[in-house]
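Residue numbers (this note's numbering), protein chains in the order written: chain X, 24 to 140; chain B, 574 to 683.
Rather than coming from a laboratory, the hints here were simulated on the basis of the structure.
Computed from the model, here is a short list of chain X residues facing chain B with C-beta under 8 angstroms: (1) F57; (2) S66; (3) L67; (4) L69; (5) T72; (6) I116; (7) N126; (8) P128; (9) L129; (10) G132; (11) N133; (12) G134.
C-beta atoms are modelled at their ideal positions from N, C-alpha and C, and glycine is treated no differently.
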Amino acid sequence: GAVVSQHPSRVICKSGTSVKIECRSLDFQATTMFWYRQFPKQSLMLMATSNEGSKATYEQGVEKDKFLINHASLTLSTLTVTSAHPEDSSFYICSARGTAFKNSPLHFGNGTRLTVT
Amino acid sequence: QQPVQSPQAVILREGEDAVINCSSSKALYSVHWYRQKHGEAPVFLMILLKGGEQKGHDKISASFNEKKQQSSLYLTASQLSYSGTYFCGTELAAGNKLTFGGGTRVLVKP
Chain X
24 GAVVSQHPSR
34 VICKSGTSVK
44 IECRSLDFQA
54 TTMFWYRQFP
64 KQSLMLMATS
74 NEGSKATYEQ
84 GVEKDKFLIN
94 HASLTLSTLT
104 VTSAHPEDSS
114 FYICSARGTA
124 FKNSPLHFGN
134 GTRLTVT
Chain B
574 QQPVQSPQAV
584 ILREGEDAVI
594 NCSSSKALYS
604 VHWYRQKHGE
614 APVFLMILLK
624 GGEQKGHDKI
634 SASFNEKKQQ
644 SSLYLTASQL
654 SYSGTYFCGT
664 ELAAGNKLTF
674 GGGTRVLVKP
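Given only the sequences and the hints, what does the whole structure look like? Please build it.
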């Protein structure tokens with residue numbers, strides 16, 4: 024089955040520093056990847072849609088200059104949380120769909136738990 | 574707009590049944606169902622496309638009423654492994670983004 028790998032699984036950083044999260048589709052090509060954020064006991068909230076070779080599309084209320092997304096290849100998208108603050112602490116999950124399958128499900132990475140101290 | 578899930582939580586004894594509902598105010602192309610265990614990523618259960626589909630995954634099945642923009646997930650003869658939070662995700666057009674409901678926490682007790 025389709026596999027999405029996300030790294031790192033956990034990261035602790037100091038306030039004001041930047042953190043990069045990688046999302047890779049291992050056995051399929053993904054022209055589109057989606058980045059979600061999940062606070063404890065809450066739903067998955069879409070942050071942005073990452074498109075290979077073009078600018079990401081951000082959801083309303085998500086700061087594009089704070090959450091930088093790069094999708095340089097068909098198998099890799101990165102999310103960089105810049106100048107992180109404690110309120111950015113959350114569970115970040117990427118997901119992707121195979122390009123060849125119109126009605127395919129989203130395949131999720133294992134998520135990154137970010138703690139900003 | 575986020576779909577609405579109900580109930581928010583349900584507690585079952587092993588072997589009991591439960592229904593989780595998901596409704597949208599917009600016309601839907603598809604509904605996806607996922608289950609998430611604590612601290613883990615969501616795991617895909619099934620996808621239902623418009624056309625009134627019903628799907629099954631072991632003893633978990635689902636239906637989609639496109640006229641009412643509603644989907645229901647049926648947990649039959651629940652097992653301990655069914656515990657987790659169930660999310661429906663709705664899609665307005667093919668290949669579009671998925672918007673998730675608030676989730677339904679399911680606890681199956683022995």
